[in-house]
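> If you want the building blocks of each chain, they are given just below.
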Amino acid sequence: MNPSHAQDEHEVPAQPVAETPVDYMAHIKGMSFFDPHIHMTSRTTDDYQAMADAGIVALIEPAFWLGQPRTGLATFKDYYASLVGWERFRSSQFGIKHYCTIGLNSREANNEALAEEVMELLPLFAYKEGVVGIGEIGFDDQTTAEEKFYRAQLELAKEAHLPVQIHTPHRNKKEGTERSMAIALEHGLDPGMVIVDHNNEETVKSVLDGGFWAAFTIYPFTKMGNERMVEVVRQYGPERIMVNSAADWGISDPLAVPKTAALMVMRGISPEAIRLVTYQNAIDAFAQSGQINVADFATPMVIDQSEKFNGNTILRGGQQPRRDQQSLFIK
Amino acid sequence: MTLPDLFNETATDSEKAWLTSKQQAPIPARLAAFVAVPRFVSRRPVPHNPDWTMDRLARVLLLTSLPADDETAYTKAIETLFDTAEMQELAALYSALPHLAFPQKWLFRATEAVRSNMGPVFDAIAFGNTYPAQYFTEAAWNQLVLKCIFNDKPITRIHGLMDRANATLAHDISEFAHERWAAGRTVPAEVWQLVPRFMNESLLADVKRLAASPDERDREAARRVIEQMSSRFNVAPSDTGEATLNIRR
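Protein chains in written order, with UniProt numbering: chain Z, 1 to 331; chain D, 1 to 249.
If you're looking for bench data, these hints aren't it; they were derived computationally from the structure. Where hints are given, some of them may not hold.
Said to hold, decoys possible - Short, incomplete list of chain D residues facing chain Z, as computed with Cβ under 8 Å: (1) Val35; (2) Thr84; (3) Gly119.
Glycine included, C-beta positions come from ideal geometry on N, C-alpha and C.
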């Protein structure tokens with residue numbers, strides 16, 4: 001969560017009511033999903049396997065706050081490098097195409113001296129292959145420092161012809177969302193190049209009316225629930241709406257997108273609408289970067305020629321050996 | 001065939017024009033072009049060269065166009081590219097090492113690629129690359145070969161493999177095989193070609209074990225070891241095999 005999708009202490013929920021288990025996977029068999037916001041750096045290999053099994057074929061990992069503030073430029077550099085390096089490779093081992101957005105998150109924008117240095121670093125990464133936007137940027141506490149670096153990064157996005165992925169704040173969300181959009185327009189950005197994230201019932205109408213993309217984060221306790229999401233799609237239709245998990249180091253669900261799709265199937269949303277909000281719209285929005293080649297993940301088990309290797313299949317996508325999670329024996 | 005010839009043979013006209021203009025551009029623009037290559041040169045295999053793709057080749061050609069008259073500036077430029085590289089850029093940088101100026105400068109970097117867990121990065125230094133055979137210390141070389149074996153990658157694609165075989169490596173291979181065997185796992189048969197020149201009692205025991213293996217590939221490996229030993233000592237293979245090793249065929 002950038003800066004924090006997790007709950008504040010006073011938001012700890014009541015114990016959930018026990019529910020009858022549903023085989024939701026049966027409802028989404030054969031479907032493909034694109035999760036345009038998930039922080040895999042904070043997730044395990046079990047998550048990657050479960051995501052691949054549930055039909056997630058590609059994802060976007062926005063640069064975010066790692067849970068505690070960084071104290072030097074080098075740790076920012078290494079983090080950005082890991083998003084286009086190690087994490088990209090790790091994902092490929094599970095057959096999932098990994099993209100990222102690069103940016104200085106709002107919380108750390110408040111360390112102004114360091115933020116200035118980070119701004120000089122960003123162009124080195126913004127033009128990398130597979131970087132599909134500037135993100136996630138925007139407001140957390142809505143301070144003047146946050147606004148300064150939000151504006152600077154909008155300029156970078158314009159310069160690099162990249163979409164912008166906007167994080168909207170937890171507190172004063174409605175006001176923060178309006179302010180984020182107004183500033184983006186003030187800098188001359190085309191709303192069609194701006195994805196406003198973490199929407200809810202209160203913000204969605206204004207975002208869509210402004211011509212922006214409206215992303216919804218299905219995140220337990222603090223953001224959207226997927227039952228509410230079904231009703232949003234029923235009311236507004238699928239156009240320019242996309243669903244993500246924003247799964248990170250907080251209590252979150254890397255299967256939020258496929259689970260929401262299953263619930264939509266069960267509650268009678270049309271297959272085409274489901275495809276748009278859980279796959280196609282995210283691709284359309286971020287492919288404006290010129291950095292998404294659908295052929296890389298659209299056909300099952302695509303083999304990246306550059307990673308293929310005569311007489312050796314170890315490096316092919318999706319060939320990470322499976323372990324039997326139910327087995328007592330570890331071999 | 002030279003690298004430029006290899007590129008020109010397969011590149012489209014627009015790819016060639018783009019690369020030529022960037023090779024003559026001011027230095028910062030060349031470095032930016034290194035990053036931007038995939039936007040202008042498509043990722044497709046270089047003919048007859050399974051390790052390389054056209055975008056990687058274009059990147060290497062941009063690096064070889066950098067002037068080497070100022071060592072400090074040259075080094076800084078290359079180091080910056082390494083520090084901010086994504087996965088394919090890293091692979092291109094390591095592929096370029098034999099073609100860069102001041103080759104000794106990149107020794108630490110090259111061993112970092114051996115430490116990498118990113119498959120394409122490791123492969124770029126390990127396979128079809130002349131840099132390790134030429135510049136690696138024995139310890140670094142042995143680590144490269146052993147890591148290859150450990151990860152079930154084909155050591156036969158390491159340039160200079162036989163030339164740099166050494167007694168320590170032969171010993172390490174034996175130790176590694178013992179660990180694998182203890183765990184009920186196997187060792188690729190091709191690794192045993194690195195031991196004949198350094199034969200001793202301990203290795204001989206390994207060869208006997210291979211010769212008795214239920215796996216045909218192990219038995220074949222044992223036969224080859226014996227053949228190589230025989231040619232060294234000018235003894236008929238059958239004599240060595242039957243008399244010294246008591247191999248059941």
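> Run every hint past the structure and note whether it holds.
Verification of the hints:
1. Val35: Interface hint status for Val35 (chain D): holds (5 Å vs cutoff 8 Å).
2. Thr84: With a minimum Cβ separation of about 5 Å from chain Z (threshold 8 Å), the hint on Thr84 (chain D) holds.
3. Gly119: Constraint on Gly119 (chain D) satisfied, holds at 4 Å.
Consistency with the previously given hints is maintained throughout, with no hint failing.
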